[in-house]
Amino acid sequence: MTPSTKSHIFSGMIKKIALFLAIPLICAYENTAGAADMVQIQSLYFGQFAYVDNSVPRTIVIAPDDTVTYDDDIIEGNIPARRGEYQLTDFPPNMMIHTGVTVPTPPTDGGVTLTNSSGITLPASESFTLSNFTTNEPITDGNGDATLYIGATLTTSGNGQNYDTGSYTGTYDITFYF
Amino acid sequence: MTLRSFKKLAAVSAVALSAAMYSHTAGAAAVQSGDPTTVTTGATVENTFTVTVVKTLDFGTVGAMTDPTDTATFTVEPDGSDTFVDDPGNGYLGTDPAAIVSSEDDPAAAANITVAGFKNVNIWVTYDNFTDVASGGDAFEIQEVHDNLSTLNCAGAAITTPTNGSATLAAPASPTIGLGCTDASGDMDYLIGGTIETKVGAYGPYPDGAYAGSFDVTFSY
Chain A
1 MTPSTKSHIF
11 SGMIKKIALF
21 LAIPLICAYE
31 NTAGAADMVQ
41 IQSLYFGQFA
51 YVDNSVPRTI
61 VIAPDDTVTY
71 DDDIIEGNIP
81 ARRGEYQLTD
91 FPPNMMIHTG
101 VTVPTPPTDG
111 GVTLTNSSGI
121 TLPASESFTL
131 SNFTTNEPIT
141 DGNGDATLYI
151 GATLTTSGNG
161 QNYDTGSYTG
171 TYDITFYF
Chain B
1 MTLRSFKKLA
11 AVSAVALSAA
21 MYSHTAGAAA
31 VQSGDPTTVT
41 TGATVENTFT
51 VTVVKTLDFG
61 TVGAMTDPTD
71 TATFTVEPDG
81 SDTFVDDPGN
91 GYLGTDPAAI
101 VSSEDDPAAA
111 ANITVAGFKN
121 VNIWVTYDNF
131 TDVASGGDAF
141 EIQEVHDNLS
151 TLNCAGAAIT
161 TPTNGSATLA
171 APASPTIGLG
181 CTDASGDMDY
191 LIGGTIETKV
201 GAYGPYPDGA
211 YAGSFDVTFS
221 Y
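Heads up: the sequence lines are chains A and B, in that order. The first sequence begins at 1 in this note's numbering and counts up by one. The second sequence begins at 1 in this note's numbering and counts up by one.
The shape of chain A in the complex, shown without the other chains (with noise of 0.2 Å):
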């Protein structure tokens, strides 16, 4: 072999191993950005129950911690109530999500807002309305994972009015800011 024909087959194999480990670098700094993932582990429920009056608001109570506080006019059922569960992953580490932070001006730390609930209704029947969201304000672990707990009120009309047996639903929103 003569040193011209050396010295360009080795030219040749740089240009080859820098491409890729171009690529892999190129990879990790577009998935920086928008890498936080949510799972749901359960949904917000306010279980299974009969209701004794509707003549005033009666309400269910479902706090972070899972507990369950019922209306004396509401019998609960056989299906128990819960509070929604989260899992959060891939958020910045070592940070608070905050409830209820004032937008739109959000913290700098992290936060969540619980908005837009649509109520929980059944076709043609009276509907529940949904307020007071309160969550546990995890704190995110060195890996940017935490478990978020979410409870709320849950109020009937109060106007007298039944509500029939049946599957109630709704939907509300969860924003967090980081």
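Since the hints were made in silico from the structure, they are not lab data. Quick reminder that beta carbons are idealized off the backbone N, C-alpha and C, glycines included. Honestly, I wouldn't trust all of these hints.
[As the list claims (entries may be wrong)] Partial chain B-side listing against chain A, Cβ under 8 Å, derived:
1. Gly-27
2. Ala-30
3. Asp-35
4. Gly-42
5. Ala-43
6. Glu-46
7. Thr-50
[As the list claims (entries may be wrong)] Derived coverage of chain A by chain B (criterion: at least 3 residues anywhere in the stretch with Cβ under 8 Å from a Cβ of chain B; other residues may be distant):
8. 42-53
9. 68-77
10. 135-148
Chain A is fixed; fit chain B onto it per the hints.
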């Protein structure tokens, strides 16, 4: 040959690394600061419970006499263990001739109603709208209803021997109400006995036949 092998290994490694960095957990919602994620919530209303009449209240086969001034009564207890005649009578032209006797071949039996609903809850039981136990123009009056509510160990008061009105006596000011409860399985086993009474009338036996009557029992939370 050595150079070609090296190139292929590097290509496979770069692709795998890229894929891992772009993937999210299956079922996860990607979260952006300031962007809302809509989630669901719900509740279930269950206003009904199941009432099953296993057996109706049956006073069996009786023999009965009326007289112009006196009455006789016959009672069956809720557990069916005791039936008794309160006033057996003392014969034709006696001072107290009205009578009821019960047949051992067709004894009386209490009613049995099962209520299935929520577990360990109080159930209000209301009696109302009593009729006579009649056949044509001849009738007995439902004088009392006896039940087993006091044996259910429910929190709160339970009536033991309620007195009700009938079609011929003055109706009570309000329906008779007692308090029962479901057990840990959500069930209440409700037993109803009662007392029938002969009516005042011309001395003589009640005609043979099937006599029927009714009353309403309402269960509520």
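Against the structure, the hints:
no., hint, result
1, Gly-27, "holds (6 Å)"
2, Ala-30, "holds (6 Å)"
3, Asp-35, "holds (7 Å)"
4, Gly-42, "holds (5 Å)"
5, Ala-43, "holds (4 Å)"
6, Glu-46, "holds (5 Å)"
7, Thr-50, "violated (13 Å)"
8, 42-53, "holds (count 10)"
9, 68-77, "holds (count 3)"
10, 135-148, "violated (count 0)"
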